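Chemist: Take the sequences, apply the hints, and build the full model.
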Amino acid sequence: MNEQNIFSQYIQKHSVFRDKRTLSSNFVPERIQHRGEEIQILGSIIAPVLKGFHSNNIFVYGTCGTGKTICTKYVLGQLVEILGTHGRDIKPIYINCKMKKIADTEYRLFAQLLREFGETVPDTGLPTDVLYRKFFEKIDSGKNEVIIVLDEIDALFRKIGDDFLYNLTRINSELKQSHIMIIGITNDLSFREALDLRVKSSLSEEEIIFKPYNAAQLKDILEERASAGFATGSVGDSVLGKCAALAAQEHGDARRALDLLRVAGEMADRLGDGIVEERHVDMAEYKIDMDRIVETVKSQPRQSQAVLHSIIKISQKTALQKQWSDRRMLTGDVFDAYAGICASVGMKPLTQRRISDLIAELDMLGIITAKVVSNGRYGRTREIRLAINDNAAQKVDAILAERFSA
DNA sequence: AGTCCACAGGAAGGGCAGGCGA
DNA sequence: TCGCCTGCCCTTCCTGTGGACT
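For the record, in the first sequence the residue sitting at position 65 is 65 according to our numbering, with numbers rising by one throughout.
Treat the hints as calculated values from the structure; they're not laboratory data. Be aware that one or more of the hints could be misleading.
Unchecked claim - With a cut-off of at most 30 Å between alpha-carbon atoms, the simulated DSSO-like pairs for lysine-lysine come out as follows:
{"id": "1", "residue 1": "K98", "residue 2": "K395"}
{"id": "2", "residue 1": "K98", "residue 2": "K371"}
{"id": "3", "residue 1": "K200", "residue 2": "K73"}
Please read these numbers as outputs of a predicted model, since none were measured by experiment.
Modeler: So this is what it looks like as structure tokens:
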């Protein structure tokens, strides 16, 4: 091999990792810690399908990173494993409703369900009721028990309402030999309350609530993952403790804890340090937050970017004169600045109504905070502030300035 | 108590791209 | 090819809001 090859150095270098996959939040381990009770309950609700009985629908609640998805996948994995010995026709389907362009509309949801059965469905073009009928015919062509896991079901509900749930449950009353069971996963505890009465009554569901992990539980989880993921002696107890403590501050989010640990390892690797230290966790925390912001901004449509650009511009201008807490602006200010940017780059401006929606979307993404306030006779508007720190704002501004340079 | 402001936000519909079936 | 369907982005129109001001 050519010693000058740019990758030869990488191959020779010692890595802190043994198996990085196990440090991914999507990885389903053989044993899930601190969720024994929830797994038991979930299993006991699903179990009747093994004997040919119908199971109730289930709603799994819990904040981000509390193990809802992983436990559900784990239980279904166990189900599939035992199916081999029982030979029943049970088909679990996992769909993440937050995945844009995958299952974020009723059409796309049914299209995705049909694809799980090996059908080819166009991305658009067919009436939704045709897909509905196709799906119906497909599952009723045999004796099937279909378990549909709808992860982040609240995202789909917010976008298209609860008709899709009603339609899914209604299918059961029409099916002759098959049955559908729905497992909805959500971090919105008020989700059920928002459902229409007729949907609630047709669901006949059970609920499981996942509580956040505490720091000690997170550390247990990290220890087990680290022993499989890192080379022996590469990561110390204090590093695991720090990742656990930081994640515990964020509502006991195990996903965050794993991300911190994995990225800290990547930092150590990149710097050729051989051992993961606490300073790598600090770097990881910064990098994760920065990457999230930059990626979010880059993936926004041009008009949203122009709105954000105008918000940063106003924020920078006021920063010179005011305290941080006073760096707020109103919808009208943002619209004026946005119109100015459009004029300078020759872009057709959208209406204020549309900009109002884009501001709300940026708020949802966590890049800005936009609070509706009333200023008395000076009107009702949104008070807008940047929700990212100065470093991130500068980085985002540099990206946007390049995009909107006249 | 009534007025007024500067929007918020819902509803309806237009225009577009793209796919299907007759 | 045409009519009909979809999702998506957008505009237009409208009503509602809440607190300062008169």
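Chemist: Hints broken by the structure, by number, lowest first?
Modeler: none
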